[in-house]
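The chain contents come next:
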Amino acid sequence: MESKGNEEFTPKIVGYLCNWCTYAAADLAGSSKLEIAPNLTVIRVMCSSRIDFNLVLTTFFNGADGILIGGCHPGDCHYDKGNYYTRRRYAMLKSVFETLKIDPERIQLAWISASEGNRYAEVVNNFTEKIKKLGPNPLNNNPYY
Amino acid sequence: MSMKIGVYICECGPNIAENIDIDRVIDDISNSEQYKERELIIKRYKLLCSNEGKEYLEQEIKENELTHLVVAACSPRDHDTTFINICKKTKLNPYLYKMVNIREQCAWIIPDKKKATDKAIKYIKSAINRVLHQSVLIEKQIDSNPNVLVVGGGITGLETALSLASEQRKVYLIEREAQLGGKTAHFKKLLSRQGDKSSIIEEKIAGVEENKNIEIFTESKLENAVGFLGNFEITIRNINNNQSVQERTVGAIIVATGYTLMSAKKLKQYAYSEKDNVFTALEIEDMLKKDGKILLRSGNEPKSVGLIHCVGREERGYCSRICCSYLLKIINYLREQSDKISIKDFYKDLCLPHKHDQEFFEQIKEQNVDFIRYDDIAIKRNHISYTEVGGSKKESDVDMVILAPAMIPAKGTEELSELLNIQLHETKFFQEAHQQLNPVATSIEGIYIAGGCHGPKGITESLFQAKAVSGKIETQLIPGEKIIPEVKVSEIIEDFCMGCQTCMDVCCYGAITYDPERAVCSVNEAICRGCGNCAGSCPSGAIRAKHFTADQLYEEVNEAIR
Amino acid sequence: MNSTDNVLIIGAGIAGMEASLMLAKTGKKVVLVEKLPIIGGNTIKNEESFPNLECSTCMVAPIQQDVLQNENIEVMTLSEVKKVEGEVGDYTVKINKKARYVSLTDCIGCGACYDPCPVTLTNEWEENLTKKKAIYVPCDGSLPNVPVIDPEHCLQISGKKSCNACAEACMFGAINFSEKNEQVEVKARAIIIATGFDLFDAKKITNLKYGKLDNVYTAMEFERLYASNGPTSGELILRKGDKAPDSVAIIHCIGRKELGYCSGVCCMYSFKYAHFVKDKLPDATVYNIYSDICVPDKSYQSFYEKIKKSESKFIFQSSVENIQISGNNGKLHLNLPAGKKSENSLDVDMVILSCALEPSKTSNDLSKILGVEIDNKGFFQIRNDAIGSVQTSQDGIFTIGCAEGPKDIQNSVIQAESAVGEVISLLG
Chain W
329 MESKGNEEFT
339 PKIVGYLCNW
349 CTYAAADLAG
359 SSKLEIAPNL
369 TVIRVMCSSR
379 IDFNLVLTTF
389 FNGADGILIG
399 GCHPGDCHYD
409 KGNYYTRRRY
419 AMLKSVFETL
429 KIDPERIQLA
439 WISASEGNRY
449 AEVVNNFTEK
459 IKKLGPNPLN
469 NNPYY
Chain E
119 MSMKIGVYIC
129 ECGPNIAENI
139 DIDRVIDDIS
149 NSEQYKEREL
159 IIKRYKLLCS
169 NEGKEYLEQE
179 IKENELTHLV
189 VAACSPRDHD
199 TTFINICKKT
209 KLNPYLYKMV
219 NIREQCAWII
229 PDKKKATDKA
239 IKYIKSAINR
249 VLHQSVLIEK
259 QIDSNPNVLV
269 VGGGITGLET
279 ALSLASEQRK
289 VYLIEREAQL
299 GGKTAHFKKL
309 LSRQGDKSSI
319 IEEKIAGVEE
329 NKNIEIFTES
339 KLENAVGFLG
349 NFEITIRNIN
359 NNQSVQERTV
369 GAIIVATGYT
379 LMSAKKLKQY
389 AYSEKDNVFT
399 ALEIEDMLKK
409 DGKILLRSGN
419 EPKSVGLIHC
429 VGREERGYCS
439 RICCSYLLKI
449 INYLREQSDK
459 ISIKDFYKDL
469 CLPHKHDQEF
479 FEQIKEQNVD
489 FIRYDDIAIK
499 RNHISYTEVG
509 GSKKESDVDM
519 VILAPAMIPA
529 KGTEELSELL
539 NIQLHETKFF
549 QEAHQQLNPV
559 ATSIEGIYIA
569 GGCHGPKGIT
579 ESLFQAKAVS
589 GKIETQLIPG
599 EKIIPEVKVS
609 EIIEDFCMGC
619 QTCMDVCCYG
629 AITYDPERAV
639 CSVNEAICRG
649 CGNCAGSCPS
659 GAIRAKHFTA
669 DQLYEEVNEA
679 IR
Chain B
16 MNSTDNVLII
26 GAGIAGMEAS
36 LMLAKTGKKV
46 VLVEKLPIIG
56 GNTIKNEESF
66 PNLECSTCMV
76 APIQQDVLQN
86 ENIEVMTLSE
96 VKKVEGEVGD
106 YTVKINKKAR
116 YVSLTDCIGC
126 GACYDPCPVT
136 LTNEWEENLT
146 KKKAIYVPCD
156 GSLPNVPVID
166 PEHCLQISGK
176 KSCNACAEAC
186 MFGAINFSEK
196 NEQVEVKARA
206 IIIATGFDLF
216 DAKKITNLKY
226 GKLDNVYTAM
236 EFERLYASNG
246 PTSGELILRK
256 GDKAPDSVAI
266 IHCIGRKELG
276 YCSGVCCMYS
286 FKYAHFVKDK
296 LPDATVYNIY
306 SDICVPDKSY
316 QSFYEKIKKS
326 ESKFIFQSSV
336 ENIQISGNNG
346 KLHLNLPAGK
356 KSENSLDVDM
366 VILSCALEPS
376 KTSNDLSKIL
386 GVEIDNKGFF
396 QIRNDAIGSV
406 QTSQDGIFTI
416 GCAEGPKDIQ
426 NSVIQAESAV
436 GEVISLLG
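Residue numbers (our numbering), protein chains in the order written: chain W, 329 to 473; chain E, 119 to 680; chain B, 16 to 443.
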């Protein structure tokens, strides 16, 4: 069901980043003037644990080619244990994607701390490349959706 | 009143202006089909965070009677507060405003000007759409009760009570024993660096008893505590007279329930009975207080003493911090008693973290004491078998063995943690809110921990913690002042709630309760911290995380994936 | 500067910043004096802090930002207290404020001024491991994110040569070469000393060859080496040889005998270093050479056991003073005379010296200026260890954090909170 990768294809990627760590890392990457693929749009939330199934699936059904969730490293969550719940939901989401015959590689979870600007840039750029290879969201051309 | 939205793009000097075609942004958004029916103003300005910029923005909001505001500039982490303050000044509700980062997350990371401009347009449209779905949120103010409850009448509890009690703030002190004083009341002397302050505990007890702002409940326990910072309803029950129950209202609860010593007999390498001349350090202190001397059970003076550090350290998994120091103090007691006693001190590592500890150790070293570093050790009554570090197995018979067993949380700690819904650390002491930055708070706002119940420590550290709690309460629970809880809290839409209580399970702060009669959950807004975890977990979509609702997030995202 | 200021806090490290925020919350006005051009103290030099290895920047950056944005806190960087007169409730303090030459309100931190500057200097904040220009911020992520100009080395300010390079590059006109040092007078009702620590100078133990053999490092140098915003962006490359080490020895207790006290934190940070090395170089061999293991918090021993079990080989030495380090064909040879015969020598690529914590170098002078007693170790003295007070010998002057004695972050914050309670009681 997945279409082949396309060189002209510019993926639309949504990044749900937690305010305390990953968003700060994104800022640091910016003030270090690192080059980051423009395909990812940053949506700031207070904690990565805010991200629920509906939000991810709706984002995907409405046309996103890839979704990145960014949170604090385990143990560092500003809200005590929020990111542990994110991890569990992410595992479930992966399996839901598989059931829907959507490549689970289209969703990624990354723990990035506020001082890891370089790592943020790397993660976003690598993820963008991966989505380029995977091609457009298969639901975009599917008559059932 | 109809919606009127103002969008202001900051040039940030050359930082944004050089990398983004701001005119094209204004053009695109002004002529966009999306906003045809909307009243929208979009302008650019050189530097919005400057004094002139801030005045300009204030004027624009007033003159144009804006109802919603979007500022496209640098990171909200830099200047969100600046623009929120302008909103407050102009009476534009700060929750009808959004700041868009087109600098760190756009101009500075996308070298291609056209792509950067396209991105900026997307981000700003996203923000406009989101803001139009944002709701007015008003800060609430809750009355608070300035009184406090202190659980535990040892040195930490006494110090906390004395520091906090005043005309404006009553202190209720609960102690389960008949008398106050805790473990410190057993000590003959304090450590040498603490000077001649041995009457410290009597002074504190007297101070508390004389203080008319402190109500003492001895032989009592905390039966129930319901509420949150500023408003806890507590129930105190007398242990001897079960019918005697007292109720009080407080704004904060301090747990200072202290420690006890582990029973060495539980360890198989410590084989002895009550009839043997094997004593814990606390028993030696009691003995000294009672008899004035350290004596064998027969009433004779010991000719040889073996002191053992780190009893149970490995099994419990932590060092008790203060035992090395107090064993040196006991060696001092022995030497004051007689310089003829043969003293052998068996230790694993010397824990001397206070700046004056090592000095005292050097002094004791001069007093004819045999310090032996051991790898492993066992006792059978007063017979010690040990392996010296780097050496061979040895045996030693002494008249008296003195043990420093691990400090463990006082009995009842687990029940108290359940009662108050505060967590325990893996060592079973109470867990602090943040190991480094918030060491005397717990995950429940309004409940604090101090002293031996927080972890093994000496009197110095316990007193600092007592004072720290006092400092925190003086800044968080000010008599006469209202408490302003978090605004961006979650709320549960009852019609959609199925009462599955998933949200309760995931909430790290105990902010959600279940009503079995109506079979729905509800959020206590005074406790909620606004993380949105509950909203993330609800299978019915019944939870609205204010300012981060599903609608708002969809509006923000849709622009990106259009 | 007007005279309604209530509390003066000297030192903007973690203890000083926490105390400032708490006092500001109750409406008190705080003047926070810091000698460096940035706030954050020693904690921000760590990539991660023990015991949970939390990212220090993530931990401290929100605090730094709160301090800088708080209306009740007046931050004075590049400043030192020079004279204090008066008594509790009514102190008059004279502060020397060095010129920054860059406006804190006009500069937006774009960094356009660094490249054009023709003068390159060694960066002491980065433990001399890298260079900076005469106009600089100590590292990426510095707060306030506004550079300072070194007046001795700047060609324009020192008068050596006319140079306008940075001012020309600045779009905001934020640079002012004619700014002058100022003397500011502040009135305070109470003073809190939070001047922190400096590391023991390892050069004093000559047999360890620090400063002579390139690949012998101090703890602070290693912290900067490992830091992702440091001189090598976190890559562990040796000073000499330009490659990663295959083996590292971490020696505890450096300076303990000389100073006469245990600092209580070096064992933990030594274990942290073992973890850092294994994290970046999983195949490297790590040794912790120790005399006593000091793990005085409930959560510390488990960290020690984890490192001992799987990350480092522990070698006992009853004393570290007699360890000899010599260079041997690009490697470092250690003579370890005070332990097992089978472990009496070691060859490694890199040595890290876990140095003791001494009082800040400013303590001695400051104690005279404030008229406050210091103890026989040079730390500020509190009246007694059994009264829970952090008040010094002088009424109304308090001391917290490592200025009072070496301690971990938790205990520094506890003392900061404690001082706030005392100050609030004092001021009513």
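Be aware that a few hints might be false.
With a straight-line cut-off of 20 Å between C-alpha atoms, the simulated DMTMM-like cross-links for lysine to aspartate or glutamate are [claimed, not checked]:
| no. | chain 1 | residue 1 | chain 2 | residue 2 |
| --- | --- | --- | --- | --- |
| 1 | W | K409 | E | D623 |
| 2 | B | K202 | B | E102 |
| 3 | B | K355 | E | D467 |
Keep in mind the hints are simulated off the structure, nothing from the lab.
Here is what the structure says about each hint:
As the CA atoms of K409 (chain W) and D623 (chain E) are separated by approximately 12 Å, the hinted pair is consistent with the 20 Å bound. Proposed proximity of K202 (chain B) and E102 (chain B) is supported: the alpha carbons are some 11 Å apart, at most 20 Å. Taking the CA atoms of K355 (chain B) and D467 (chain E), the gap is near 17 Å; set against the 20 Å cutoff, the hint holds.
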